[in-house]
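Trainee: Listed below, chain by chain, are the residues.
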Amino acid sequence: MQRVTKRYGERLALREVSFEATPGERVAIIGPNGAGKTTLLSILAGIQPATSGNVSRLPRDIGWVPQHAAVYSKLSVAENLRLFARLEKVPDPNAAVERMLDQTGLRDRADDELGKLSGGNRQRVNIAVGLLSDPPALLLDEPSASLDPRQRERLWEFIAGLAGGGTTVLFSTHNVGEADRYADRLIVLADGELLFHGTPRELEQAVGGDTYDFEGAFVRFLHERGH
Amino acid sequence: MRWLMLKDLQILRRSPLLVTLLVLYPVLIALLIGYALSRGPSKPKVAFLNEVPKGQGSFNLGATKINGRQYAGKFFSAIDPIVVHSRAEALQKVRSGQALAALIIPADIVQKLSTGGLERPTLDVIYNAENPLKRQFVESTIQFQLAKANQALSGEFRKVAAQYIGLLLKGGKFDAFGTNFNVLGLQSANAILKGVRGSLPRGSPQGPALDQVIRFATLAISNLDLSNQVLTSVSAPLAVRTTTIGAGGKQPLDTFAVAVAVTISMMFVCVLLAAGMLALEREENAFTRLARGLVSRLGLVTEKISLAALCATLVALAMLIGIGIFVAVDWGRFPLWVVAALFGAAGFGALGVAIGGWAREVRAASLFAFLLSLPVAVLALVPSGATNQTLYDIIRVISAIFPFRPALDAMSAALSGGGIGLPLLHLVILVAAFGALARLSLRRFA
Numbered sequence: 001m002q003r004v005t006k007r008y009g010e011r012l013a014l015r016e017v018s019f020e021a022t023p024g025e026r027v028a029i030i031g032p033n034g035a036g037k038t039t040l041l042s043i044l045a046g047i048q049p050a051t052s053g054n055v056s057r058l059p060r061d062i063g064w065v066p067q068h069a070a071v072y073s074k075l076s077v078a079e080n081l082r083l084f085a086r087l088e089k090v091p092d093p094n095a096a097v098e099r100m101l102d103q104t105g106l107r108d109r110a111d112d113e114l115g116k117l118s119g120g121n122r123q124r125v126n127i128a129v130g131l132l133s134d135p136p137a138l139l140l141d142e143p144s145a146s147l148d149p150r151q152r153e154r155l156w157e158f159i160a161g162l163a164g165g166g167t168t169v170l171f172s173t174h175n176v177g178e179a180d181r182y183a184d185r186l187i188v189l190a191d192g193e194l195l196f197h198g199t200p201r202e203l204e205q206a207v208g209g210d211t212y213d214f215e216g217a218f219v220r221f222l223h224e225r226g227h
Numbered sequence: 001m002r003w004l005m006l007k008d009l010q011i012l013r014r015s016p017l018l019v020t021l022l023v024l025y026p027v028l029i030a031l032l033i034g035y036a037l038s039r040g041p042s043k044p045k046v047a048f049l050n051e052v053p054k055g056q057g058s059f060n061l062g063a064t065k066i067n068g069r070q071y072a073g074k075f076f077s078a079i080d081p082i083v084v085h086s087r088a089e090a091l092q093k094v095r096s097g098q099a100l101a102a103l104i105i106p107a108d109i110v111q112k113l114s115t116g117g118l119e120r121p122t123l124d125v126i127y128n129a130e131n132p133l134k135r136q137f138v139e140s141t142i143q144f145q146l147a148k149a150n151q152a153l154s155g156e157f158r159k160v161a162a163q164y165i166g167l168l169l170k171g172g173k174f175d176a177f178g179t180n181f182n183v184l185g186l187q188s189a190n191a192i193l194k195g196v197r198g199s200l201p202r203g204s205p206q207g208p209a210l211d212q213v214i215r216f217a218t219l220a221i222s223n224l225d226l227s228n229q230v231l232t233s234v235s236a237p238l239a240v241r242t243t244t245i246g247a248g249g250k251q252p253l254d255t256f257a258v259a260v261a262v263t264i265s266m267m268f269v270c271v272l273l274a275a276g277m278l279a280l281e282r283e284e285n286a287f288t289r290l291a292r293g294l295v296s297r298l299g300l301v302t303e304k305i306s307l308a309a310l311c312a313t314l315v316a317l318a319m320l321i322g323i324g325i326f327v328a329v330d331w332g333r334f335p336l337w338v339v340a341a342l343f344g345a346a347g348f349g350a351l352g353v354a355i356g357g358w359a360r361e362v363r364a365a366s367l368f369a370f371l372l373s374l375p376v377a378v379l380a381l382v383p384s385g386a387t388n389q390t391l392y393d394i395i396r397v398i399s400a401i402f403p404f405r406p407a408l409d410a411m412s413a414a415l416s417g418g419g420i421g422l423p424l425l426h427l428v429i430l431v432a433a434f435g436a437l438a439r440l441s442l443r444r445f446a
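If you read the sequences in order, they're chains A and B. As numbered in the working numbering, the first sequence has no gaps in its residue numbers, which increase by one up to the final residue, 227. As numbered in the working numbering, the second sequence has no gaps in its residue numbers, which increase by one up to the final residue, 446.
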């Protein structure tokens with residue numbers, strides 16, 4: 001992403017944000033409310049255009065997992081996957097559905113309506129839809145927001161497996177502890193401005209080393225930069 | 001787009017209660033409205049007391065016998081009579097609410113009628129004023145029937161008078177008080193007088209007097225010749241020539257009621273379905289996923305319009321086939337029914353997606369769709385002249401903005417003839433306009 005700016009009328013949502021991610025890397029986008037995290041992800045996903053700047057990947061090369069499960073509650077797991085595989089014009093939709101049922105461990109729930117699944121399983125289907133076209137990069141907007149601790153653990157294991165397979169994973173989160181634990185690199189946004197781009201340790205060092213826990217370091221980092 | 005439509009049909013198949021309500025409710029409402037439109041108001045129950053003694057229902061007007069019961073029958077055609085035997089009983093029926101009014105034919109009616117208009121008989125009508133609406137209905141019904149009876153009687157009087165004038169003019173046999181005799185008549189008298197005048201010697205002193213009588217007879221003949229027309233004008237001063245204008249002029253009421261019923265059903269099915277299904281894409285959070293290149297926004301709008309139009313057309317055709325079993329419809333026009341239903345449904349579908357796009361939530365969209373559709377349909381059915389011109393012009397503009405009126409016109413034309421091209425063109429314009437509004441609403445849909 002190079003010098004991406006997004007304006008809503010007079011309001012500047014993103015100001016010349018640039019970064020890059022390598023295959024198999026997990027990048028967390030963190031920042032206070034209204035920082036521009038979702039705007040950044042939605043531009044990368046092709047949901048809305050940037051006012052200026054470039055994104056090197058086309059939206060069709062990027063898998064998208066919105067914060068709330070974007071699937072149809074009246075359709076079964078398999079029907080949802082098949083529908084989106086067809087809409088994504090995946091060459092063999094049935095094979096893609098079978099692959100995702102195995103990958104997400106939902107084969108035994110394949111015929112269950114989404115509305116009857118737990119939040120964790122719905123989120124797994126949500127992620128599976130994002131992975132149907134086997135994209136080289138996956139975007140997740142607050143993926144663990146509605147999950148219990150056990151479901152979160154399974155989610156991060158699944159994401160680690162994806163990254164291990166070479167998929168670049170970008171996720172936004174409010175939980176900076178998760179960013180510390182599960183991200184290889186961080187992007188810190190505040191008021192649409194990219195304040196930091198580096199590893200969690202580099203962020204801690206930027207505010208004076210290990211005298212703080214990571215969350216404390218993050219808050220101090222923002223405070224020192226006037227946020 | 002076909003996968004999206006297939007998905008929507010799957011969702012509908014899994015929501016049987018919703019689909020049942022969506023189809024049954026409008027069909028029921030539509031059939032009720034259609035039934036009400038195809039029937040006139042029911043006859044009001046009226047207590048009827050005839051005080052004319054038995055065997056005295058007829059009277060003589062000159063040499064003509066007139067039967068009073070024949071004219072009382074005029075009332076019975078418009079009311080549901082409850083025959084009573086006294087004024088007290090008639091009052092009791094009205095007070096108790098069993099009858100909305102009482103109509104009393106007085107005993108002296110025959111005697112007064114037989115005077116040929118010298119004395120005017122009076123009917124007594126007692127109303128129940130408990131319900132002003134019903135009272136007005138009964139009042140106008142009785143007044144109307146009274147006018148018809150008056151007209152029939154005056155016509156009878158005119159005929160009798162014309163007979164006498166004819167006899168006076170042309171002469172002939174006259175039957176009065178059981179005696180037959182010949183009347184000479186003015187025309188024959190005039191001829192005789194002219195013959196006598198011709199036989200008088202020149203300078204006869206009777207000549208000028210006879211000339212005077214001949215002039216009077218000639219004048220009387222020429223004026224009495226016009227008397228029948230004059231009497232006709234007096235008994236019915238105004239004649240009515242009826243000319244119908246507008247497409248629905250020759251349309252039977254039953255067919256119009258069918259068109260209204262079917263159009264209302266289509267409207268509810270289509271508007272609610274299109275509004276709900278578009279709003280559902282947002283409620284299920286699927287819109288953001290679809291909007292990133294899987295389906296174009298215009299494609300999404302088109303899919304929802306097509307889905308709603310398809311479902312509503314099927315409902316409309318099923319209704320038409322069902323109604324066609326009971327009401328005479330021209331089955332040869334079936335292809336036109338399909339065309340009218342498709343265009344009408346597309347118009348309603350476009351309105352629905354515009355509502356769904358702006359309301360953004362299924363419940364809000366459904367409520368808004370319902371609240372908007374009903375008054376639009378009612379306004380479109382307001383006839384001209386039922387309100388003042390300014391208000392009617394406003395109603396016409398509102399009706400032209402929404403698809404109900406053109407859809408109804410198209411369906412009426414498809415069922416019973418008339419121009420279908422203009423309503424279809426109107427619907428195409430509305431589909432484009434509401435489709436564009438819906439597309440615009442998707443900018444803030446995510």
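Derived from the structure by calculation, the hints contain no laboratory data. The structure presented is a predicted model; accordingly, all values stated were derived computationally and were not measured. Beta carbons are placed, not taken as given, at the ideal position from N, Cα and C, and that holds for glycine. Please note that a few of the clues may not be correct.
Said to hold, decoys possible - Residues from chain A that face chain B, not an exhaustive set, calculated with beta carbons under 8 angstroms: (1) Arg57; (2) Asp61; (3) Ala70; (4) Ser73; (5) Ala78; (6) Glu79; (7) Val90; (8) Gly226.
Claimed, not checked - Across the chosen pairs, the derived CB separations fall in these ranges: (9) B/Gln389 - A/Glu113: 34 to 44 angstroms; (10) A/Arg57 - B/Arg2: 20 to 30 angstroms; (11) A/Arg154 - B/Arg2: 47 to 57 angstroms; (12) B/Ile29 - A/Asn175: 27 to 37 angstroms; (13) B/Pro375 - A/Gly53: 34 to 44 angstroms; (14) B/Arg2 - A/Arg60: 13 to 23 angstroms; (15) A/Asn175 - B/Ser15: 50 to 60 angstroms; (16) B/Arg2 - A/Arg15: 51 to 61 angstroms; (17) B/Ile29 - A/Arg3: 51 to 61 angstroms; (18) A/Arg3 - B/Ala432: 51 to 61 angstroms; (19) A/Glu113 - B/Asp80: 54 to 64 angstroms; (20) B/Ala432 - A/Ser146: 57 to 67 angstroms; (21) A/Arg3 - B/Thr390: 31 to 41 angstroms; (22) B/Met1 - A/Tyr8: 27 to 37 angstroms.
Claimed, not checked - What the simulated footprint calls covered on chain A by chain B, stretch by stretch (three residues with Cβ under 8 angstroms from a Cβ of chain B suffice, anywhere in the stretch; the number is not a length): (23) 30 to 38; (24) 180 to 188.
Trainee: So, for every hint listed, does it hold in this structure?
Mentor: Quick rundown of the hints versus the structure:
no., hint, result
1, Arg57, "13 angstroms, violated"
2, Asp61, "11 angstroms, violated"
3, Ala70, "4 angstroms, holds"
4, Ser73, "6 angstroms, holds"
5, Ala78, "12 angstroms, violated"
6, Glu79, "7 angstroms, holds"
7, Val90, "11 angstroms, violated"
8, Gly226, "31 angstroms, violated"
9, B/Gln389 - A/Glu113: 34 to 44 angstroms, "57 angstroms, violated"
10, A/Arg57 - B/Arg2: 20 to 30 angstroms, "29 angstroms, holds"
11, A/Arg154 - B/Arg2: 47 to 57 angstroms, "36 angstroms, violated"
12, B/Ile29 - A/Asn175: 27 to 37 angstroms, "52 angstroms, violated"
13, B/Pro375 - A/Gly53: 34 to 44 angstroms, "49 angstroms, violated"
14, B/Arg2 - A/Arg60: 13 to 23 angstroms, "20 angstroms, holds"
15, A/Asn175 - B/Ser15: 50 to 60 angstroms, "37 angstroms, violated"
16, B/Arg2 - A/Arg15: 51 to 61 angstroms, "43 angstroms, violated"
17, B/Ile29 - A/Arg3: 51 to 61 angstroms, "59 angstroms, holds"
18, A/Arg3 - B/Ala432: 51 to 61 angstroms, "40 angstroms, violated"
19, A/Glu113 - B/Asp80: 54 to 64 angstroms, "58 angstroms, holds"
20, B/Ala432 - A/Ser146: 57 to 67 angstroms, "41 angstroms, violated"
21, A/Arg3 - B/Thr390: 31 to 41 angstroms, "60 angstroms, violated"
22, B/Met1 - A/Tyr8: 27 to 37 angstroms, "30 angstroms, holds"
23, 30 to 38, "violated (count 0)"
24, 180 to 188, "violated (count 0)"
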